[in-house]
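Engineer: Each chain is listed here by its residues.
There are 2 protein chains.
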Amino acid sequence: MDTHALTRQLFVKNDSKIVMFVADGLGGLPQQPGGLTELETAKTPNLDKLVREGVCGSSIPVAPGIAPGSGPGHLGLFGYDPITYLIGRGALEATGIGFKLEEGDVAIRANFCTLDAAGKISDRRAGRIASEESAPLAIKLREVKIPDVQIFVEPVKEHRFVVVLRGTGANKGKLGDFVHDTDPQVTGVPPLDPVAGNPESEATAKILKEFVRQAQELLKAEKKANGCTLRGVASKPSIPSYEDVYGLRAAAIAVYPMYKGLAQLVGMDILGHAKTLDEQMEVLKENWDKYDFFFIHFKYTDSTGEDGNFDAKVKRTEEFDAAVPKIMALKPDVFIATGDHSTPSMLASHSWHPVPTLLWAKNCRTDGVEQFGERDCLRGGLGQFEAKHLMTLALANAGRLGKYGA
Amino acid sequence: MDTHALTRQLFVKNDSKIVMFVADGLGGLPQQPGGLTELETAKTPNLDKLVREGVCGSSIPVAPGIAPGSGPGHLGLFGYDPITYLIGRGALEATGIGFKLEEGDVAIRANFCTLDAAGKISDRRAGRIASEESAPLAIKLREVKIPDVQIFVEPVKEHRFVVVLRGTGANKGKLGDFVHDTDPQVTGVPPLDPVAGNPESEATAKILKEFVRQAQELLKAEKKANGCTLRGVASKPSIPSYEDVYGLRAAAIAVYPMYKGLAQLVGMDILGHAKTLDEQMEVLKENWDKYDFFFIHFKYTDSTGEDGNFDAKVKRTEEFDAAVPKIMALKPDVFIATGDHSTPSMLASHSWHPVPTLLWAKNCRTDGVEQFGERDCLRGGLGQFEAKHLMTLALANAGRLGKYGA
Numbered sequence: 001m002d003t004h005a006l007t008r009q010l011f012v013k014n015d016s017k018i019v020m021f022v023a024d025g026l027g028g029l030p031q032q033p034g035g036l037t038e039l040e041t042a043k044t045p046n047l048d049k050l051v052r053e054g055v056c057g058s059s060i061p062v063a064p065g066i067a068p069g070s071g072p073g074h075l076g077l078f079g080y081d082p083i084t085y086l087i088g089r090g091a092l093e094a095t096g097i098g099f100k101l102e103e104g105d106v107a108i109r110a111n112f113c114t115l116d117a118a119g120k121i122s123d124r125r126a127g128r129i130a131s132e133e134s135a136p137l138a139i140k141l142r143e144v145k146i147p148d149v150q151i152f153v154e155p156v157k158e159h160r161f162v163v164v165l166r167g168t169g170a171n172k173g174k175l176g177d178f179v180h181d182t183d184p185q186v187t188g189v190p191p192l193d194p195v196a197g198n199p200e201s202e203a204t205a206k207i208l209k210e211f212v213r214q215a216q217e218l219l220k221a222e223k224k225a226n227g228c229t230l231r232g233v234a235s236k237p238s239i240p241s242y243e244d245v246y247g248l249r250a251a252a253i254a255v256y257p258m259y260k261g262l263a264q265l266v267g268m269d270i271l272g273h274a275k276t277l278d279e280q281m282e283v284l285k286e287n288w289d290k291y292d293f294f295f296i297h298f299k300y301t302d303s304t305g306e307d308g309n310f311d312a313k314v315k316r317t318e319e320f321d322a323a324v325p326k327i328m329a330l331k332p333d334v335f336i337a338t339g340d341h342s343t344p345s346m347l348a349s350h351s352w353h354p355v356p357t358l359l360w361a362k363n364c365r366t367d368g369v370e371q372f373g374e375r376d377c378l379r380g381g382l383g384q385f386e387a388k389h390l391m392t393l394a395l396a397n398a399g400r401l402g403k404y405g406a
Numbered sequence: 001m002d003t004h005a006l007t008r009q010l011f012v013k014n015d016s017k018i019v020m021f022v023a024d025g026l027g028g029l030p031q032q033p034g035g036l037t038e039l040e041t042a043k044t045p046n047l048d049k050l051v052r053e054g055v056c057g058s059s060i061p062v063a064p065g066i067a068p069g070s071g072p073g074h075l076g077l078f079g080y081d082p083i084t085y086l087i088g089r090g091a092l093e094a095t096g097i098g099f100k101l102e103e104g105d106v107a108i109r110a111n112f113c114t115l116d117a118a119g120k121i122s123d124r125r126a127g128r129i130a131s132e133e134s135a136p137l138a139i140k141l142r143e144v145k146i147p148d149v150q151i152f153v154e155p156v157k158e159h160r161f162v163v164v165l166r167g168t169g170a171n172k173g174k175l176g177d178f179v180h181d182t183d184p185q186v187t188g189v190p191p192l193d194p195v196a197g198n199p200e201s202e203a204t205a206k207i208l209k210e211f212v213r214q215a216q217e218l219l220k221a222e223k224k225a226n227g228c229t230l231r232g233v234a235s236k237p238s239i240p241s242y243e244d245v246y247g248l249r250a251a252a253i254a255v256y257p258m259y260k261g262l263a264q265l266v267g268m269d270i271l272g273h274a275k276t277l278d279e280q281m282e283v284l285k286e287n288w289d290k291y292d293f294f295f296i297h298f299k300y301t302d303s304t305g306e307d308g309n310f311d312a313k314v315k316r317t318e319e320f321d322a323a324v325p326k327i328m329a330l331k332p333d334v335f336i337a338t339g340d341h342s343t344p345s346m347l348a349s350h351s352w353h354p355v356p357t358l359l360w361a362k363n364c365r366t367d368g369v370e371q372f373g374e375r376d377c378l379r380g381g382l383g384q385f386e387a388k389h390l391m392t393l394a395l396a397n398a399g400r401l402g403k404y405g406a
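Sequences listed follow chains A and B, in order. Numbered according to the UniProt record's numbering, the first sequence terminates at residue 406, and the numbering increases by one at each position without gaps. Numbered according to the UniProt record's numbering, the second sequence terminates at residue 406, and the numbering increases by one at each position without gaps.
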């Protein structure tokens, strides 16, 4: 079901404020069967208070059993079907380093590699070259010049960098993104040529071939990083904006570029340059009057989960909880606390487990849940629901949706 | 998912009886967080007894966060996807006053308006003319004669009336329904001409233009209602019948024309002329042997909710409960109690909140729920489910569905 076919025809505007406070990777697992999860272990008095006045549930990011990456995880929370709206790897990589993709841009994940005298790959990752060494080389590749295309090259980390093509002149708005990877996945053979998968991508493939040629020329004196391979060629995804589908002036307050980038893809404004949760709260307060919807992203429940550090994740969860009163002091009409997926420290990775979710608003049907935790949320009034429905519920609770049909 | 693709191939016939007892707007909200809803406050000993022997759940009328009108609300209960099967405004208006639309009919919501000497609208609602004054004028418009079309004009209320076109001769089955509204939404300009949005609707637009011309001629002596505007042009929706998709001989016992009309659109017979719940029970008893399925509609849980009257809704809920033994005395095989949506008196309007639902049958998997209420139903065996699945569950519990696949 395309929820936006409904929200687009039903949304109304009013003065309400909606805050979506996302603890990345919030959901967890107990350390032994029947034990407490990270969230259940954490002391979360502020969230617990809201849980008693609000309604809880378990959010399924994509589908049962599917562990999402950050892209689909957040698109789901933002109300976009994460199966329909896929962000290509190149576009996600560019987004993740804060590159602001424009309509028609084509982004590519690139790797430095080592070529032998015969032009065959001897190391697919250029000896895992250090970022300090590779960054200047990526910047050097900005010297590549090709007619009718603006080329951006951005260092990422170690052997990785990003290339973005922006068509100009004859190529303006004409660059397709169906070009096969050039990484042969094995050593002892040369990189593959960029090959177009459809006629609309012929120009892109040609540009990339010329890019590789010039790059090798620029890198020929290098010992380790004297070549490159290209992967995940992808256009800026075409995603309708929050303004379009919900009628919301939306803003994001995040620390990490990836989440700013994802918010930007759905048309949110990116606010401030906060480095801490306290600073994020300051930015929220300063901008409170200017927007209808705020997405606030907290990273460390995910990173501690990824580290497999149960206790650290508990602490970070408590830090997340401690920020809640600063949000509630601003008197939002709808407050949501959730995660984009689970990152149980027992798995040290993203997982498929449903995510505890709280929706607080004036007209919630309270459900008897008393504490914010995985098992408590199972008894919540939102039940188990696909994450993509959360925004519709937020709009409804904010009085921002008219009736469907007479 | 098209549930009818399954039911149509799997249904079998037997002697079982299914009763769907609908309390319009049944779901509610507590008066303060953690408090009791209208249904939880009401004493419902008869439903509670069946709850302990049956299975409960929470029905989502359309999708999470979506508050439906009566049309989509009932289509969902009847098992028709309310997104796929949309009833156009004109068709719903005609249905709502009990006009029996036939295949190919085109229905239009019309307003009397006041035109000045220059033919410009000075009042879009003809001074909110009283029904007593407007009804004879609507009936006078039956004098409009146009070749190859039968025209029905029915008074509704105040400035509103309904026009139905039924093609004859060259227009038989040929009248499209994509014609733009003629109400300019502002005063000081003349009504718009009816304009077809596609070639199939050219004839309809032409007929409507002539209708307006003759109508103004017939109304020219009037002070207030000397013109009219047309809106929501819509064909009778094409909805497969209960007989077709479920193999059921179905009947509706309702007091208000809207619900009789909705039932008629899915091929139910409309029984009796009951004005009270007691009379509805009499009609049920009289017709018990003639049908497989009965839809019984109770309006007042919705109207008291719309009035924002918590206590009155509690009382009406108790009235609904009191009728249950009369139904059970007839020994139905499947008994369902539910609503088409929630109408919390706290909101005084239809809402998106899930609807408490009970399904009682011989082979229910009982779920430990003891009382019929919003929070109790959260723990029920049907979970949270889209309303459109309820009919499939009814058929299954009636032994009316074969196995899917070998």
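Do not take every clue at face value.
Any copy, or any two copies together, can satisfy a pair, since identical chains are not distinguished.
Stated by the list, open to error - In silico lysine to aspartate or glutamate, DMTMM-like type, Cα no more than 20 Å apart, as pairs:
id: 1; residue 1: K403; residue 2: E306
id: 2; residue 1: K403; residue 2: D81
id: 3; residue 1: K157; residue 2: E370
id: 4; residue 1: K285; residue 2: E158
id: 5; residue 1: K220; residue 2: E158
id: 6; residue 1: K145; residue 2: D321
No lab work stands behind these hints, which were simulated from the structure alone.
Engineer: Against each hint, give a clear statement of whether it holds in the structure.
Structural biologist: Hint check:
no.	hint	in the structure
1	K403 <-> E306	between (43 Å within a copy, 14 Å between copies)
2	K403 <-> D81	between (22 Å within a copy, 17 Å between copies)
3	K157 <-> E370	neither (44 Å within a copy, 49 Å between copies)
4	K285 <-> E158	neither (38 Å within a copy, 50 Å between copies)
5	K220 <-> E158	within (19 Å within a copy, 84 Å between copies)
6	K145 <-> D321	neither (51 Å within a copy, 72 Å between copies)
The structure does not agree with the numbered hints 3, 4 and 6 stated previously, though it agrees with the rest.
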